[in-house]
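J.: Residue numbers (this note's numbering), protein chains in the order written: chain A, 37 to 175; chain B, 6 to 341.
Check before you lean on any hint, since a few could be wrong.
[To be verified] List of simulated lysine-lysine pairs, DSS-like, C-alpha gap at most 30 angstroms: (1) A:Lys168 - B:Lys35; (2) A:Lys168 - A:Lys70; (3) B:Lys248 - A:Lys76; (4) A:Lys174 - B:Lys215; (5) B:Lys248 - A:Lys166; (6) A:Lys140 - B:Lys215; (7) A:Lys138 - A:Lys76; (8) A:Lys76 - B:Lys255; (9) B:Lys215 - A:Lys70; (10) A:Lys70 - A:Lys138; (11) B:Lys176 - B:Lys9; (12) B:Lys12 - B:Lys47; (13) A:Lys166 - B:Lys47; (14) B:Lys301 - A:Lys138; (15) B:Lys118 - B:Lys130; (16) B:Lys47 - A:Lys116; (17) A:Lys138 - B:Lys219; (18) B:Lys12 - A:Lys140; (19) B:Lys215 - A:Lys166; (20) B:Lys118 - B:Lys9; (21) B:Lys35 - B:Lys138; (22) B:Lys301 - B:Lys255; (23) A:Lys116 - A:Lys138; (24) B:Lys36 - B:Lys255; (25) A:Lys138 - B:Lys255; (26) A:Lys174 - A:Lys116; (27) B:Lys9 - B:Lys36; (28) B:Lys205 - A:Lys138.
Since the hints were made in silico from the structure, they are not lab data.
Nothing here was measured: the structure is a model prediction, and the numbers come from that model.
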Amino acid sequence: MAEDEKDKNPEIVGFCCSYCTFKASEMAGSLRMKYPEGIKVIEVPCSSRVDPAFIIKAIVEGADGVFVSGCHPGDCHFIKGNFYTRRKIAALKEMFDAFSMKDKLRLFWVSASEARRFIDKVTTFYNDIKEKNNEREKA
Amino acid sequence: MKGKKLKSGEIENALNQFLKDEQHLVLGFKKGEGGVGHQIFKGSLDHYSLVNPLFGANAALYLRRLFSKGLKVMLMLRPCEIRAYVELHKLTQVEREDIIAVSIDCFGTVSSKEKKDDVPAEADKLTGYFQDKDSMRWACSVCRERRGVVGDAGVRIDKSGNYWMVPYTEKGEDLVSGMEGEFEEVPAEMLIPESAKTDKFQIDMETFNKDFEKCIMCMNCRDMCPVCYCIDCVFNGDEYLPKGDALLNKVFRTGSTQMPRGKDLFHLIRMYHVSQTCVGCGACEEACPQGIPLTKYFKGVSERLQGVFSYMSGRSFDEPIPYVTFLEDELKDAMD
């Protein structure tokens with residue numbers, strides 16, 4: 037893949053909980069809503085299944101951004117999974133902050149019915165990263 | 006806080022008394038020909054040294070999966086080692102029942118690699134030796150807790166050079182009440198002051214890549230880390246490292262890549278995995294054959310990440326590790 041083509045289309049890996057956010061992404065599909073094709077959604081049983089090592093691996097191996105998304109706090113199918121996620125990702129964000137790459141990671145809460153919110157969130161993330169990449173290209 | 010002022014030689018007496026039982030052991034320091042090192046004493050003390058000015062490995066490493074089954078083990082170690090033991094206990098790697106952990110005021114240490122012959126092994130001479138912070142290891146000069154205030158009991162040294170034994174838990178209470186002397190109020194000001202706060206760690210990936218250029222992925226840092234305890238580490242074998250097609254894929258996505266492959270991945274993931282339990286002892290840097298400044302990264306990152314939850318590794322037995330617990334109402338700004 038040519039360099040400039042890659043920068044035009046950043047690639048974003050998203051870990052989505054299968055009970056909420058993944059259902060929202062499916063609903064967005066059935067409603068014929070569009071989100072950028074650079075977003076690669078990975079289904080996980082619960083957002084707390086995401087070991088921060090997965091995120092670090094994705095970023096080190098070339099993803100432009102990673103997001104983790106699950107049910108709203110309190111709505112977890114497994115009762116308390118996303119509370120752990122929140123702690124883990126908050127700590128990981130602090131670590132990315134220490135390495136000056138905080139903008140590469142985001143955490144969303146999207147429930148199964150919030151297809152529009154899902155589209156909004158991922159599109160904003162995608163556009164932000166694209167803008168950052170273009171800025172870096174110019175500099 | 007109450008404690009006992011000890012006469013000189015009282016600690017050795019008490020330990021010898023403790024060792025009279027067949028089933029009792031002491032893990033402490035032995036002063037030998039080639040320097041001071043860790044030793045498990047059985048029967049009686051021999052060339053015992055209370056303090057150890059050389060740092061080679063963190064003794065909590067030897068306690069992993071130690072289930073004493075009725076034996077009693079007394080640890081007479083540095084605060085960083087006791088803190089690592091406390092963390093390992095929380096991670097269910099050590100059973101606490103039969104272990105008495107005593108932390109001893111630490112003056113700082115020099116690297117055992119340096120082989121300095123003029124380092125004294127007596128507490129009273131060490132204060133002078135470490136007056137200048139540059140003479141000790143970097144990890145020790147920025148240590149978060151050099152006072153013996155962790156574990157079941159602590160050995161403190163006051164400004165006039167007297168030794169104090171201070172209990173912190175019931176087990177420590179038992180130990181101290183068996184020693185000679187009366188319980189008195191412990192002076193607030195001790196020889197070793199509370200550590201100063203260090204600056205927030207901030208770095209970028211360019212510096213990181215430059216610092217780790219020399220890494221050969223021997224994984225000694227992982228093996229010698231007292232709190233990096235998993236038997237099935239994700240980096241055993243090369244399943245987690247980019248190889249074959251995945252390696253080429255990474256090169257095409259991220260540009261020129263340093264070899265051996267995946268060393269940035271290895272260090273960043275390990276940094277996260279030990280973040281809440283890292284005690285900043287610097288055993289990783291000690292084990293590194295390439296002299297990479299690992300402590301700077303691991304200690305810096307772990308201090309920041311522990312700060313998020315106002316946690317300090319090894320401070321107390323009761324605080325759970327932040328990743329295994331939660332509050333429902335917290336971290337409102339974590340989500341975007």
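J.: Do the alpha carbons of B:Lys12 and B:Lys47 lie within 30 angstroms of each other, as the hint requires?
T.: The hint holds at about 24 angstroms.
J.: Given the hinted pair B:Lys248 and A:Lys76, is their alpha-carbon gap at most 30 angstroms?
T.: holds (22 angstroms)
J.: Quickly compare the C-alpha distance for A:Lys116 and A:Lys138 to 30 angstroms and report which way the hint goes.
T.: Between A:Lys116 and A:Lys138 the Cα gap is close to 26 angstroms, so the pair holds against 30 angstroms.
J.: Holds or violated: are the alpha carbons of A:Lys138 and B:Lys219 at most 30 angstroms from each other?
T.: holds (26 angstroms)
J.: Would the hint linking A:Lys76 and B:Lys255 be met if the CA-CA limit is 30 angstroms?
T.: Answer holds: A:Lys76 to B:Lys255 is near 16 angstroms, not above 30 angstroms.
J.: For A:Lys174 and A:Lys116, compute the direct alpha-carbon distance and say whether it is at most 30 angstroms.
T.: violated (45 angstroms)
J.: Need the status of pair B:Lys118, B:Lys130: alpha-carbon distance at most 30 angstroms?
T.: holds (21 angstroms)
J.: Keeping to a limit of 30 angstroms between CA atoms, is the pair of A:Lys138 and A:Lys76 held or broken?
T.: holds (20 angstroms)
J.: Mind checking the alpha carbons of B:Lys215 and A:Lys166 for me, to see if they're no more than 30 angstroms apart?
T.: Roughly 27 angstroms between the alpha carbons, so the hint for B:Lys215 and A:Lys166 holds.
J.: Run the distance test for B:Lys215 versus A:Lys70: straight-line Cα separation, threshold 30 angstroms.
T.: violated (42 angstroms)
J.: Does A:Lys166 pair with B:Lys47 here, judged by a C-alpha cut-off of 30 angstroms?
T.: violated (66 angstroms)
J.: Under the criterion that the straight-line Cα-Cα distance not exceed 30 angstroms, is the pair A:Lys168, A:Lys70 satisfied?
T.: Holds: A:Lys168 and A:Lys70 sit about 22 angstroms apart, inside 30 angstroms.
This entry does not satisfy hints 1, 9, 13, 16, 18, 20, 24 and 26, going by the numbered hints stated previously.
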